[in-house]
Amino acid sequence: MKTKHLSVLVLFVLLSLNLAGCWNSRELNELAIVSGIGIDRVMDTGKLRVTFQVVNPSATTTTQGASTNQSPISIYTVNDRTVFGALRRASKQATRQLFFAHAQLLVIGESLAEGGMKDVLDIFERSHELRLNTTVLVSRDTDAESILKVLLPQESVPSIGLGKKAENTSKVWGETPQVSVFETIKEITGGGGFTISGVRMLGNVEEGQKKASLEQTKAETSILISGQAVFNKGKLMNWIDGPEARGAQWILDKIYETNLNLDSGDQAKAIAVNVVFSKTKIKVEMRDGLPIFHIRINEEGNLNETQSAVNLSQNHEIRKLEAEMEKLTKKEVQEAFQAAQKAECDYFNLGNEFKRVNPAEWKKVEKDWNQIFAKGTLELQVHAFIRATGMRVTPLKAPE
Amino acid sequence: MAAQTKEKKQSQTADSNISSPLSGNLEDDLQHIRQGLGNSMDLIIRHFKMINADPQVAVIYMEGLTDKEFVDDFISHAMSFQSVSEEGRKLSTSQEVFHYIKEKALTPGKSQSLTDRSGLFEALLSGNTLVLVEGVPEALSGDTSGGEVRPVSEAGTQVSIRGSKESFTETISVNISLVRRRIKNPDLWVEPMKLGAVTQTNVAIMYIHGIADEDVLKKLKEKLKEIRVDSILESGYIEQLIEGTVYTPFPTLYNTERPDSVAGNLLDGRIAVFVDGTPFVLIAPATFFMFFHTVEDYYQRFDISTLIRLLRFLCFLISMFGPAIFVAALNFHQEMIPTPLLINLASQREGVPFPAFVEALMMEVTFEIIREAGIRLPSPIGQTVSIIGGLVLGQAAVQAGIVSPAMVIVVSLTGISSFTTPAFNMALSVRFLRFVIVIVAAFMGLYGIAILALMLVAHLCSLRSLGVPYMSPLGPFDPQAQKDTLIRSPIHFMKIRPRLADKSIARKKADKDRQGNQA
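Chain order of the listed sequences is L and S.
If you read the first sequence in the UniProt record's numbering, its first letter stands for residue 1, the second for the next number, and so on.
If you read the second sequence in the UniProt record's numbering, its first letter stands for residue 1, the second for the next number, and so on.
Hints may be right or wrong, so weigh each one.
Claimed, not checked - Quick partial rundown of chain S residues pointing at chain L, CB under 8 Å, derived from the structure:
id, residue
1, 39
2, 43
3, 47
4, 214
5, 215
6, 332
7, 334
8, 339
9, 342
10, 349
11, 352
12, 356
Calculated from the structure, these hints are not laboratory results.
We put the CB at the ideal spot given by N, CA and C, even for glycine.
The following block holds chain L by itself, in its conformation from the complex:
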């Protein structure tokens, strides 16, 4: 009797085990690993043009003695009203089931960005097939499809290469941010402005998608990270570049490392200082209905190159250079701030800081914050410090 009960129990347990669990067993060689997704708007129809960059495993450099002449990636392009529709419609073209969990890159076409891109991001959070840590880039002067088509040297999978480019340049040059889908969604729903790195193509697609273009030392077509796309209310508003862009990164406290070329006496921009540490602190206060933004930046750098005959063993020379650093940083930050005020878009999220310290006051100004922001004043303080001057004291000097 007891054993009968037990066996029934065991049977139930075993049956329930089958109900749960991972029913969707898929072999690795039945999957098409999607490395990058590009979304453009098809003009006039309101449809989306979704581009998939799929890895061709047997042609990647990881294979021992890869001898196939195939390209390491294949591109599938599908038109549909929804992104998911496109994902599934792609089955008509792809030999294997598309697998999105490893998508490294999402390229938003400029045309789509201008019209607002919040609608296409819903699926990234909703579907379990997609991931939120995918890097987002906005194509500049071209469409997302072309960006995904171009092969890159070194990295056999271009999407991975582009993701690394975005990461590297944001870490060592600091002009552009690396933004993930998750952050983008957060910013869009937060209501404020935000920026995303742009990506630009030099050359033409036809050459760039050929494997032969990689057979020369300088690739025929190249892709580079270029500027920041400024979004206001989820729509692409304008592009910012150069010092303006870096200034924005400074306000956002996203400078990890960058380079400043300093003036020294008679020579302009002759001394390179590698900024290795930077911390930005922001305080917002309201005075007479207008905000005052106290921004305090602490930066620290190493002098890495000098082309000017400056005596680095002298303390006051160093102090002078530090003052120069502060001046340059201030200039960039002010430029970025003024540009944002001119555009009437607070893409530094300074409003958020104000909301945090004074939620009651924020309620009143929330509605037309961008206008109020545009009238605010900037109180900028920069403190620079040169930590080291390298392995040589005096600059090179030719005998006279």
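Once you have looked at the hints, place chain S on chain L.
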């Protein structure tokens, strides 16, 4: 007279084990012995006639079980007494001769007189030499056991870099002495018994009185007494007969061929079971973690030992779950694998005709075949097998595109990991479980692995070895014993003996002495 013949008939026809007293008639008794042993050729009976005295004397022994020189010496002693001693020449009656031999001439260390016929066989087969005198219904039995045995040699299966090179032999008395030499303490008690209705194998229980747990000892003795089988040819028979749970993949008794391991375990309060005819000594009760400890852990410094012990546990997990996790990740959880690795794996699996599960199973079975073939073959050929199997098969299979290189790596890593488990019987159970886990992983992914692992843990916690929880000291948790479970703390930290059953804390003797001195 009639009664005597009747008795004789009975003894001839009936089972020789039925006890009957010796008759005193030499020819009769010898006939009984011959018949009892089926006229076996190794039964040697030598007759002597005294010079002065009447009675016939017979010396009986088994060739091969006895030390030849010992027996010859004994005979020459016994027979030459008449010429050398005054006393000897005066002997005339049977009784006088018998007593003289018993008192004076018998040199062997152990001797006793037997009056029962059944006892004769036992004595003979244990290597004793019997002396029968015409007209005396009594037999003298002297211990002359010896003969060819394997000498003490280096351990073949449980090798260590540092530590004793001795290992047990097939002779129980030698084995017991090897342990006694290591623990010179009167509390080291040995209890003999004979098991196996046909084989009459000598078995001995060894424990340290006062340290070994009384309950465990009682339980072990009861279980040994309950054994009813014809033969005990190896300690494995006893292991299987006394283990509490038969249907478990895990071994619940430990075996070793190292005397230092036995000594160490005795000092921890465990009990050793010696079986004649095998160098493998059983140790009970066994806990799960024992199987991952080696004697060398205590000979090396604690930091090294701790790291190596942790490495062994890691290897245990790899050898158990390695291929299963690989198959689960490949089939169900591709998103878990880092992108570059996934692309790498995908490019390897391009063109492999089998599903990952079949591939894994194929490689595992091949590996088992190579291993089994290597064990059964003589050692020079065994190496050839591993070369053919490992190198040629593995390399060729990858080049032919039948299996992916990554799978070969996983399977060989698993195989090598399984060799790090010091106890072979634990490694065997992992070898078997691995297949079960791979199958579950192929059908249910990591979820299945987790469920099965939970079931295994529950099962392990339910096991007992002679009443001691198998997973102790983790479950039930004993904080003191953690010093010597997963890690091996410095020796001077381990002042308390491991508790096998729930008993009060027992300080080690040295520690008690030291505390006594301070007080």
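Which of the listed hints are broken here? 1, 2, 3, 4 and 5
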